[in-house]
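Chemist: Residues per chain, in single letters:
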Amino acid sequence: MFLDPDSKWAHRLNPVLFLLPALTIYIVFAIYPTISVIEYSFTSWDGISPDREYVGLANYTRLFTDKIFWEAFRNTFVWSGVIIVINVGLGLVIAAMLARVWKARLLIQTCIVLPVVISPMAVATIWRWMYQPSGVINQMLETIGLGGLATPWLGSPEIVLYALALAHSWSTIGLSVIIFLAGLQAVDEDLYEAAKVDGATPVQAFRYVTLPALRPVTAVVFILTLTQSFKVFDLVWATTKGGPIRFSEILSTYMYKRGALENQYGYGSAIGVSLLVIVSAATILYMQIQNREDR
Amino acid sequence: MYGRWILLFALGVIAVLMASPLILTVFTSLKPSTELVNPAWYPPLSVTFEHYVRVWTDGGFSRYFFNTLLISVIDAAVMIVIASLAAYAMVFIEFRGKLALQILFLIGLMIPVTAIVLPLFQIVRSFGLLNTHFGVILADLALAVSVFVFMFTSYFVGVPKALHEAARIDGATEFQIYRRVIMPIAMPAVVTTALLEFLWSWNDLLLRLLLLTQDEMRTLSVGLLNFQGTMTRDVTGLSSGTVIMAIPVVILFLFFQRHFVRGMTAGAVK
Numbered sequence: 001m002f003l004d005p006d007s008k009w010a011h012r013l014n015p016v017l018f019l020l021p022a023l024t025i026y027i028v029f030a031i032y033p034t035i036s037v038i039e040y041s042f043t044s045w046d047g048i049s050p051d052r053e054y055v056g057l058a059n060y061t062r063l064f065t066d067k068i069f070w071e072a073f074r075n076t077f078v079w080s081g082v083i084i085v086i087n088v089g090l091g092l093v094i095a096a097m098l099a100r101v102w103k104a105r106l107l108i109q110t111c112i113v114l115p116v117v118i119s120p121m122a123v124a125t126i127w128r129w130m131y132q133p134s135g136v137i138n139q140m141l142e143t144i145g146l147g148g149l150a151t152p153w154l155g156s157p158e159i160v161l162y163a164l165a166l167a168h169s170w171s172t173i174g175l176s177v178i179i180f181l182a183g184l185q186a187v188d189e190d191l192y193e194a195a196k197v198d199g200a201t202p203v204q205a206f207r208y209v210t211l212p213a214l215r216p217v218t219a220v221v222f223i224l225t226l227t228q229s230f231k232v233f234d235l236v237w238a239t240t241k242g243g244p245i246r247f248s249e250i251l252s253t254y255m256y257k258r259g260a261l262e263n264q265y266g267y268g269s270a271i272g273v274s275l276l277v278i279v280s281a282a283t284i285l286y287m288q289i290q291n292r293e294d295r
Numbered sequence: 001m002y003g004r005w006i007l008l009f010a011l012g013v014i015a016v017l018m019a020s021p022l023i024l025t026v027f028t029s030l031k032p033s034t035e036l037v038n039p040a041w042y043p044p045l046s047v048t049f050e051h052y053v054r055v056w057t058d059g060g061f062s063r064y065f066f067n068t069l070l071i072s073v074i075d076a077a078v079m080i081v082i083a084s085l086a087a088y089a090m091v092f093i094e095f096r097g098k099l100a101l102q103i104l105f106l107i108g109l110m111i112p113v114t115a116i117v118l119p120l121f122q123i124v125r126s127f128g129l130l131n132t133h134f135g136v137i138l139a140d141l142a143l144a145v146s147v148f149v150f151m152f153t154s155y156f157v158g159v160p161k162a163l164h165e166a167a168r169i170d171g172a173t174e175f176q177i178y179r180r181v182i183m184p185i186a187m188p189a190v191v192t193t194a195l196l197e198f199l200w201s202w203n204d205l206l207l208r209l210l211l212l213t214q215d216e217m218r219t220l221s222v223g224l225l226n227f228q229g230t231m232t233r234d235v236t237g238l239s240s241g242t243v244i245m246a247i248p249v250v251i252l253f254l255f256f257q258r259h260f261v262r263g264m265t266a267g268a269v270k
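Chains A and B, in that order, give the protein sequences. Okay, so the first sequence: first residue is 1 according to the numbering used here, each after it adds one. Okay, so the second sequence: first residue is 1 according to the numbering used here, each after it adds one.
Bear in mind the hints are in silico, worked out from the structure with no lab data behind them. Be aware that one or more of the hints could be misleading.
[Claimed, not checked] Taking lysine to any residue and the SDA-like style, the derived pairs with C-alpha atoms no more than 25 Å apart in a straight line are:
(1) A:K231 / A:I86
(2) A:K241 / A:T151
(3) A:K241 / B:T232
(4) A:K103 / B:V16
[As the list claims (entries may be wrong)] Covered stretches of chain B (chain A as the covering partner; in silico rule of three or more C-beta atoms under 8 Å from a C-beta of chain A):
(5) 14-27
(6) 141-151
(7) 195-207
(8) 217-231
(9) 248-255
Quick reminder that beta carbons are idealized off the backbone N, C-alpha and C, glycines included.
Could you put the whole structure together from the sequences, leaning on the hints where they help?
Modeler: Structural data, given as structure tokens:
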């Protein structure tokens, strides 16, 4: 950096000096752990003892026969599925509505996007409180005469996963709405005019003009929501810790229990690798779609 | 034009529904304990700040708050420097192995933090950095740096090459060009990076839960989690703690909404 800019050494050293801080931290604390998690997954290490024993694929064969793993696996997909339906479906509808409105648009948009910046930990506290047996939601249901629907939301096996998915969607749908809005602004206004001239109703215009034009954006939101929801740990851990029993157990909470709490580092890492594989595959897909769009 | 009004009404309902969990939390945090028998959507009839005071002093939230602030500010500041330096080299300096480096940074976009926390814990421990803010900061930086390297890269690519050339001909070193020519015009990328990294750092639970086990080192996320575990029935305390955690980011969001929106869409992969 302080060398004569035209010297040969400056040319060699410059890129090194500029890249060194970022690269060092990145390799030591991100790349190395990624390689390690794969390595750990082939051991029976407990996370403490100095030597680790390699056990080949034993952890992975155990995964295949572990009923709890498959439950967590299934739950993760159900959880993701629910969130995708809400964030993509409802997100698109809200964005399409918002795009037609000028009055109070900023205010409405702010209300919808604001939860995105709230910490999952705070989201967990808020929704745990609202879902309590005597909480706001049950109070509301009783007030409007639907007291029969009142239930301990986070305590009931059939509902807990959906209840948590709703809380997650509340705090993330704003992002889908923003991305859809940006996509909608790029749709050619002339197409709407043409549809109007042809006598199309607003719903028909949405069906035959908006939806086809938004297909690439929809794919982006879809995969984004998928990867985001697969990575969730904080919200579930801070509300139910995977319970009651295993009804809201997802891959990340199961990994944390086995690995960090029970010191089964090898097995926990194998669960981590399964998460890594799914999320990376989805992210690669996401980047390819984005690339195709940029072109 | 009834259609417009129906649309506006429907959106109004959605907006109220979206805002109500936050509003109700604020209501509860301001209610005297005697008013808790009222339904949650009753606004506080007389406002009290006693729960905030209680949580802030006895609940230890003042310490959690400043721990969180310290980590988030350092995270954001260091991130701006290291990510922009790296992106500068990637865009303006010729060297071999650039493509390989690009792919290396690309991998960072695909790694879910959740999947690698177990070995990350071991590495932080082997450096003797468990229970230090420094350890958390290093982990935060590592896990988000690729997002911001790409953010700066895509910004720098739009800067006319002639600007860089001209400064070179004038005899400026690369570092001088970075400091005096490129960074001053990269302010939008700097602001986005600062806001987004601050936000992520402020909000994270998992890494802090794992890496900070002593109470005096803890952040708001871990503090709130423990408070929730031990004071499950303390509704007013919990809502005050939640508001304390949410307020800084909400204020930032209201002031910099446009930057946030742009940053979150660009950095959405993380």
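Chemist: Now tell me, hint by hint, if it's right for this structure.
Modeler: Results for each hint:
{"no.": "1", "hint": "A:K231 / A:I86", "verdict": "holds (17 Å)"}
{"no.": "2", "hint": "A:K241 / A:T151", "verdict": "holds (19 Å)"}
{"no.": "3", "hint": "A:K241 / B:T232", "verdict": "holds (15 Å)"}
{"no.": "4", "hint": "A:K103 / B:V16", "verdict": "holds (16 Å)"}
{"no.": "5", "hint": "14-27", "verdict": "holds (count 9)"}
{"no.": "6", "hint": "141-151", "verdict": "holds (count 6)"}
{"no.": "7", "hint": "195-207", "verdict": "holds (count 6)"}
{"no.": "8", "hint": "217-231", "verdict": "holds (count 5)"}
{"no.": "9", "hint": "248-255", "verdict": "holds (count 5)"}
Against the hints set out earlier in the document, no violation occurs for any number.
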